[in-house]
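**Q** Let chain A serve as the given structure and place chains B and C on it in line with the hints.
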Amino acid sequence: MDTCIQKIREIAAGLLEKGEVERVIGFAEGTIPMATSPVAISRKEDVEKLTFSSTCGLNLANYASKEKGRKIAVVAKGCDSRNLVTHIVENQIDRDNLYIIGVPCPGMVDKFKIASEMGGEICGFKEEGDTLSVSTAEQTKDLKKSDFLRHNCEYCTHKNPVLYDVLVGDLVEEQTLDNAFPDVDAIQALDDDARWQHFQALTQNCIRCYACRNACPLCYCPTCFVDESGPQWVGKGQDKTDVDTFHFLRAFHCAGRCTDCGACVEACPMGINVRDFTRKLNKDALEMFGWEAGLSVDKRPPLDAYSPDDPNDFIK
Amino acid sequence: MKFITIDKKDWAKGIDKSRETYQLFGPVKDENGCQIKALDADVQPDMEYTDSVLSAKSVLFPQSEKILCTSLNEADDDHHIMKRADTAYTPRAVVGLRPFDAKAIQLVKLNFDTADYRDPYWCDAYEATTFVGLAANTPGPFDFSISTGTGPFGEDGLDILLADMDDKFLAKVLTPKGEAFAAACGFDAEADPKESQVLLDVLKKEAESKIDSSVDTDRLKEKTILDLHDAPFWDDVAFSCINCGTCTYVCPTCWCFDIQDESKRKSSVRFRNWDTCMSSLFTRHATGHNPRGEKTQRVRQRFMHKLKYFLDKYDQGIMCVGCGRCVKSCPVNIDIRQVCQTMNNYEKQE
Amino acid sequence: MENPYMPYPVRIDDIEIATEDRSLKTFKFVFLNEGDEEKFAYQAGQFAELSIPGVGEIPIGIASSPVEKGFVKFTVFRTGVVTSHLHNMKVGDIMGIRGPLGNWYPWDKLEGKNVVIIGGGFAFTTLRSSIVYMLDPANRSKFGNIDVVYGARTPGMLLYREELYEWEKRSDINMHITVDGTDDPDWKYNTGFVPQIVEDKAPKADADTFAIVCGPPIMIKFTQPALTKLGYGPEQIIMSLENRMKCGIGMCGRCNIGKELVCKDGPVFTLEEINQTPKEY
Numbered sequence: 001m002d003t004c005i006q007k008i009r010e011i012a013a014g015l016l017e018k019g020e021v022e023r024v025i026g027f028a029e030g031t032i033p034m035a036t037s038p039v040a041i042s043r044k045e046d047v048e049k050l051t052f053s054s055t056c057g058l059n060l061a062n063y064a065s066k067e068k069g070r071k072i073a074v075v076a077k078g079c080d081s082r083n084l085v086t087h088i089v090e091n092q093i094d095r096d097n098l099y100i101i102g103v104p105c106p107g108m109v110d111k112f113k114i115a116s117e118m119g120g121e122i123c124g125f126k127e128e129g130d131t132l133s134v135s136t137a138e139q140t141k142d143l144k145k146s147d148f149l150r151h152n153c154e155y156c157t158h159k160n161p162v163l164y165d166v167l168v169g170d171l172v173e174e175q176t177l178d179n180a181f182p183d184v185d186a187i188q189a190l191d192d193d194a195r196w197q198h199f200q201a202l203t204q205n206c207i208r209c210y211a212c213r214n215a216c217p218l219c220y221c222p223t224c225f226v227d228e229s230g231p232q233w234v235g236k237g238q239d240k241t242d243v244d245t246f247h248f249l250r251a252f253h254c255a256g257r258c259t260d261c262g263a264c265v266e267a268c269p270m271g272i273n274v275r276d277f278t279r280k281l282n283k284d285a286l287e288m289f290g291w292e293a294g295l296s297v298d299k300r301p302p303l304d305a306y307s308p309d310d311p312n313d314f315i316k
Numbered sequence: 317m318k319f320i321t322i323d324k325k326d327w328a329k330g331i332d333k334s335r336e337t338y339q340l341f342g343p344v345k346d347e348n349g350c351q352i353k354a355l356d357a358d359v360q361p362d363m364e365y366t367d368s369v370l371s372a373k374s375v376l377f378p379q380s381e382k383i384l385c386t387s388l389n390e391a392d393d394d395h396h397i398m399k400r401a402d403t404a405y406t407p408r409a410v411v412g413l414r415p416f417d418a419k420a421i422q423l424v425k426l427n428f429d430t431a432d433y434r435d436p437y438w439c440d441a442y443e444a445t446t447f448v449g450l451a452a453n454t455p456g457p458f459d460f461s462i463s464t465g466t467g468p469f470g471e472d473g474l475d476i477l478l479a480d481m482d483d484k485f486l487a488k489v490l491t492p493k494g495e496a497f498a499a500a501c502g503f504d505a506e507a508d509p510k511e512s513q514v515l516l517d518v519l520k521k522e523a524e525s526k527i528d529s530s531v532d533t534d535r536l537k538e539k540t541i542l543d544l545h546d547a548p549f550w551d552d553v554a555f556s557c558i559n560c561g562t563c564t565y566v567c568p569t570c571w572c573f574d575i576q577d578e579s580k581r582k583s584s585v586r587f588r589n590w591d592t593c594m595s596s597l598f599t600r601h602a603t604g605h606n607p608r609g610e611k612t613q614r615v616r617q618r619f620m621h622k623l624k625y626f627l628d629k630y631d632q633g634i635m636c637v638g639c640g641r642c643v644k645s646c647p648v649n650i651d652i653r654q655v656c657q658t659m660n661n662y663e664k665q666e
Numbered sequence: 667m668e669n670p671y672m673p674y675p676v677r678i679d680d681i682e683i684a685t686e687d688r689s690l691k692t693f694k695f696v697f698l699n700e701g702d703e704e705k706f707a708y709q710a711g712q713f714a715e716l717s718i719p720g721v722g723e724i725p726i727g728i729a730s731s732p733v734e735k736g737f738v739k740f741t742v743f744r745t746g747v748v749t750s751h752l753h754n755m756k757v758g759d760i761m762g763i764r765g766p767l768g769n770w771y772p773w774d775k776l777e778g779k780n781v782v783i784i785g786g787g788f789a790f791t792t793l794r795s796s797i798v799y800m801l802d803p804a805n806r807s808k809f810g811n812i813d814v815v816y817g818a819r820t821p822g823m824l825l826y827r828e829e830l831y832e833w834e835k836r837s838d839i840n841m842h843i844t845v846d847g848t849d850d851p852d853w854k855y856n857t858g859f860v861p862q863i864v865e866d867k868a869p870k871a872d873a874d875t876f877a878i879v880c881g882p883p884i885m886i887k888f889t890q891p892a893l894t895k896l897g898y899g900p901e902q903i904i905m906s907l908e909n910r911m912k913c914g915i916g917m918c919g920r921c922n923i924g925k926e927l928v929c930k931d932g933p934v935f936t937l938e939e940i941n942q943t944p945k946e947y
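Residue numbers (the numbering used here), protein chains in the order written: chain A, 1 to 316; chain B, 317 to 666; chain C, 667 to 947.
One chain only, chain A, in its complex shape:
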């Protein structure tokens, strides 16, 4: 990880010095344990702020699409790079204005899982290779990083960036999975009532902060459907139907586009596993259309593309 941090800084410094980009968007060290903060570096002198670790769980493609017209460089993990591809396909970013600093990603850690394991608030966190040295007020423990990866990282089949201008480390080995969606299968196996209860319990603590939506690179609509007032589609209170509508409908708006980067879960202050809403749609996209989002700038997404030879019956 340390060499890749050095390389990120060197590359950023080089780009800024030569004026090839106006800003480099990356991660900076956080002010609390297990946190990193997205940062935009525009002066060569500040590149020492850039860092990278297994707590860089947010998706920087979210910031890239808001830099309209500026030439920028973005630090991108595998999933982030797929979102950058999606942005290019959806005309949110001009490829010519984008310099992708690709990071082959060994996986991000699950902060809630770690806190749960340690039984208290984390006040110290150090990462050395595969070992995490974690402390609370009561105890210090060494944890094995591979036991505490985020769920989406455990099941990730695209750890290496799919589109990049430079790589800051060696490619990591991709895994092939017999079943990439055991969590979705488990929910699908529930009967109707149990499945309804599962989703009701999932959103019981939702406070409509929209951190999940705002952290998601796909959610760039100038006026989100929940904010529309003429006509108003969704109530703004805590009525369960309104809360559920927000989550279900947002998932559908991301169908066929979601890269399972986990930024939504990372951002949620209440620890809600927002991915339970999107994973089923990812599975459907794969099974019905053979589609995984963000792998190529040349392919149109399935809900976007039509061919007279389309085999599906419903089109005939």
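Just to be clear, a hint being listed does not mean it is correct.
[Unchecked claim] Straight line, CA to CA, 30 Å or less: simulated BS3-like cross-link-like pairs of lysine-lysine:
no., chain 1, residue 1, chain 2, residue 2
1, C, Lys691, B, Lys399
2, C, Lys691, B, Lys629
3, C, Lys756, B, Lys382
4, B, Lys345, A, Lys280
5, B, Lys611, A, Lys44
6, B, Lys399, C, Lys756
7, A, Lys159, A, Lys68
8, C, Lys887, B, Lys539
9, C, Lys756, B, Lys664
10, B, Lys353, A, Lys113
[Unchecked claim] Partial list, computed: chain A residues near chain B (C-beta under 7 Å):
no., residue
11, Gly30
12, Pro38
13, Glu121
14, Ala211
15, Ala215
16, Cys221
17, Asp227
18, Gly230
19, Lys236
20, Ala267
21, Met270
[What the hints assert, rightly or not] A few chain B residues that don't get close to chain A, going by computed Cβ distances all over 12 Å:
no., residue
22, Lys382
23, Gly465
24, Gln513
25, Ser556
26, Leu597
FYI, nobody ran anything at the bench for these hints, they're computed from the structure.
These figures come from a predicted structure and were not determined experimentally.
C-beta atoms are modelled at their ideal positions from N, C-alpha and C, and glycine is treated no differently.
**A** Coordinates of chains B and C only, in the frame set by chain A:
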């Protein structure tokens, strides 16, 4: 000052007895962490918790609250005439809230109970509530409440302050409301006031020594609003912000709300919901003009309000009690302590 | 104290189309309950929240004047959810009014002074309230000279046209009515933008003259320099701000600018106060 010793073996029973008089609220652990909730008949408040994700403000100020209702049925005599929604403020008690949450409620009171207007919903709820606080022997790692004027053993806004002493609680009864609550629980083992205060002070000192996080606020007042507002550091502070509502919703002193009408067939209800200045809709005029349409303007507004406008307007310190919830929960780790230091130390370049 | 969120029930007594493009309507309301009108006693410059159950509320300046009894009048521009609903309502419909809210033009400070009133477009509502108040026989002697500069895009867009023309004929008030442009050959009054007419026709400043300005941001932006040219200092220029509001009683925080809450510490401010506040309006 009255002090009561409560043997922990008697605690649960006493709490249950108080349910005859009070509806209870308190910290409860669930799959998503610790929340302050209304306690079901068989649920005890979790007195071992470190901190709750959301603050106790929802006891007086629920996230979504009915304030008025109307019949839209033209056959009714009083159609289209608004009435106060049925809100019953039976006596309630929050058991186990942290001193900074109680102090926060006193700050919020400045907003809802003014010389010109009295918000009946918040104020009636406030008057019906007894605040039984739990001092923090081991403050959480995000606690910086000493420098904001409360500390882990603060008494401001509380009716009773409980200190955990392993096998018992030492309760300092601060107000008549607190006395009534203790009586309702049947806690009557009085302790010597002098000795108890000494014990409390020892625990307080120990707890305070465990807090190493602080902010400097001494030089905020001397600067002008416009100087701080026009300072050059706001773009950097605001870059990573994703404009969600997390900081405002977890914050115990944030009080902004939205008013929404909803109607169903022949009746309508007017709600008030928590709202956040972080949302771009917050200041958007019906014409589309938006005085705070840029992200930086909104991020700046939040910190200026918390650390400067409130300070100047009420002269009661900053609008932050140092609970650290925003620091912990912010998805992008924007740290109010850092911003406060930056603002406090800012020197305008001529 | 009374519940400040509870509106007084009112009935729509009359609806007038106020401008030729029908985008503004003047509504006349009467209170349903006896005693509510007394409780609603207001001053010129204040606003109220018009409350439609099931739809929402809007903060609108009071156009009628405290000296007009038996009703209250508001002129509303159709632009969003609530205003569109209101425009479709009929005489006899019941709704609510909350208020009066906000502060008012500083009538005690203006006593014995000359007043220059400058308005543009449909921001003239509280200025009408002010002019009717000042011209009332019981009040006229309290003030010195009254000058009014009011302009709109075309003659058909001027609010309260008939009243304007009547006032123009009076000798105890100097009216400078203007339009941006018109092809009406019988147009008797000025043509030109409000800031220009202010520069040309408004009286020069002295220690006893105050200017009250109310209008769209662009008008204010260009009127300010005109007033400065005439010698008006920032403490002599009184303005009425607008902002997004919800509760109207200084609690929901939405209209907060700097230390001020536009609904409670305003909407009337002097330019001096505004200059010390961030430009977020």
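**Q** Which hint numbers does the structure go against, in order from smallest to largest?
**A** Failing hints, ascending: 2, 9, 16, 18, 22, 25 and 26.
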